[in-house]
Amino acid sequence: MLRALELARTPGVPLGPNPRVGCVILGPDGREVAEGFHRGAGTPHAEAAALHEAGELARGATAVVTLEPCNHTGRTPPCASALAAAGIARVVFAQRDTNPVATGGSGTLRSAGVDVAAGLREPEAREVNAAWTFAVEHGRPFVTWKFATTLDGRSAAADGTSRWVSSLASRRDTHRLRGACDVMLVGTNTVAVDDPELTVRDDLGEPVPHQPLRVVMGERDLPADRRILNDRAPSLHLRTRDPGTALEELFARDRQHVFLEGGPTLAAAFLEAGLVDEVVAYVAPMVLGSGRSAVADLGVGTIGDARRFEVTDVTVLPHVPGDTEEPTVHQTDVRITMRPQRTRGD
Numbered sequence: 103m104l105r106a107l108e109l110a111r112t113p114g115v116p117l118g119p120n121p122r123v124g125c126v127i128l129g130p131d132g133r134e135v136a137e138g139f140h141r142g143a144g145t146p147h148a149e150a151a152a153l154h155e156a157g158e159l160a161r162g163a164t165a166v167v168t169l170e171p172c173n174h175t176g177r178t179p180p181c182a183s184a185l186a187a188a189g190i191a192r193v194v195f196a197q198r199d200t201n202p203v204a205t206g207g208s209g210t211l212r213s214a215g216v217d218v219a220a221g222l223r224e225p226e227a228r229e230v231n232a233a234w235t236f237a238v239e240h241g242r243p244f245v246t247w248k249f250a251t252t253l254d255g256r257s258a259a260a261d262g263t264s265r266w267v268s269s270l271a272s273r274r275d276t277h278r279l280r281g282a283c284d285v286m287l288v289g290t291n292t293v294a295v296d297d298p299e300l301t302v303r304d305d306l307g308e309p310v311p312h313q314p315l316r317v318v319m320g321e322r323d324l325p326a327d328r329r330i331l332n333d334r335a336p337s338l339h340l341r342t343r344d345p346g347t348a349l350e351e352l353f354a355r356d357r358q359h360v361f362l363e364g365g366p367t368l369a370a371a372f373l374e375a376g377l378v379d380e381v382v383a384y385v386a387p388m389v390l391g392s393g394r395s396a397v398a399d400l401g402v403g404t405i406g407d408a409r410r411f412e413v414t415d416v417t418v419l420p421h422v423p424g425d426t427e428e429p430t431v432h433q434t435d436v437r438i439t440m441r442p443q444r445t446r447g448d
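Just so you know, we're using the working numbering here: the sequence shown kicks off at 103 and counts up by one.
Among these hints, one or two may not hold up.
Quick list of simulated restraints, FRET-style, between CB atoms [as the list claims (entries may be wrong)]:
| # | residue 1 | residue 2 | range |
| --- | --- | --- | --- |
| 1 | G129 | P298 | 49 to 55 Å |
| 2 | H421 | G176 | 45 to 51 Å |
| 3 | E158 | G307 | 45 to 51 Å |
| 4 | P325 | H432 | 35 to 41 Å |
| 5 | T342 | G157 | 49 to 55 Å |
| 6 | T342 | E155 | 44 to 50 Å |
Please keep in mind that the hints were generated in silico from the structure rather than gathered at the bench. Each residue gets a CB set at the ideal place from its N, CA and C atoms; glycine is no exception.
Could you build all of it, start to finish, from the sequences and the hints given here?
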C-alpha cells in the first residue's frame, strides 16, 4: 500500500473531478507484477493502467489500491468490473469511495467472487485526496486561504507596495501549492490594482503544462488589458460578492480545491461565511508599523470572539539563490499551515 500511495502522490497530476489513485498488483508469491496511477480526467484509471501492464499475470493476483475501485461508467469503464474480468483474486483498498456516482465497487467485486479488504492505511489515503474527499462529502470545494504578511500583520506598506513582502522561497512554494489546486481565486479589486497574471510557474519562472482555473469574484467590470484575461490559462469572472454562491458555481463546474489569494476584503468575506478550510500564512521577518492589513475588519470586538485556528505545520523557508537586487534575497520566511479550530459539538 505504501507504494500505491506513493504512486497516487505522483507530481504533476492535475487535480480535477477525479481523485488521485495508485494501484499495485501483486502475484500469488507477493511480488509486484504491475503498477499504475491515474493521470487525470479522461485517462485510464489506476487499476486499468496496472491491469494493462500486468496482462495475464493479473489472473489470481492481488490488487492493492488507494481508493475503492469505482462502479461507474463515465469516460472510462468501471474498475470493479475490469478487475473481476481480469481474474484478480483479491482487492485491498485504503479509502472507501463516498462519491454517490461511483460508490459500490466492493459489492460488485464480492458478487463476482473476489475477496475484498478495506481500510488499510486509510488516513494516509484520505490525506492524498483531502480536497477531493471534502468536496464529495460537503458538496462544495475545499478552500485554502493563502496570504503573505509581516510580523505586525501587514500585507502591504502604507504606499500600497507589497513587492516584495515574501521571499523568493515563499513565492516558489506558493506556486507549488497553486499547482495542487484547480482554482485560484481573487477579487476584482486585486485585479484592478495589482494586475496579477495568476499562473503556476516552475522554479525557472516557466508556466507549467496544467494550469488551474483563474477566477475573479466581484460585480465590477474588468479592464480588458488585465493579465488575468490572457490566454496563458483559463479564466472565469463570477459576478457575485457572496462566497457561498461562488463556491456553488465552482462545484457545479467540477472544481474541488480553491486557492484563495484575494485581498483583505475577500478574505474577510470568506472568513465571516465560515468558508475557509485551511490557512497558509507566509510570515516575513520584518515590521512595517502601518499599511494594509492582511484581512479586513471582521467585527471582532473582544478576544473571546476571535477566529481561532489550529496549527498543523510550521516550516522555515531558507533563502534560495535568486536576484541579488531583491531586498528579500537573504530573507528567511516562516510558513504556517492551519485549520479552523473546532468548537465543542463539531
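Hint by hint, which ones does this structure get wrong, listed from lowest number up? none
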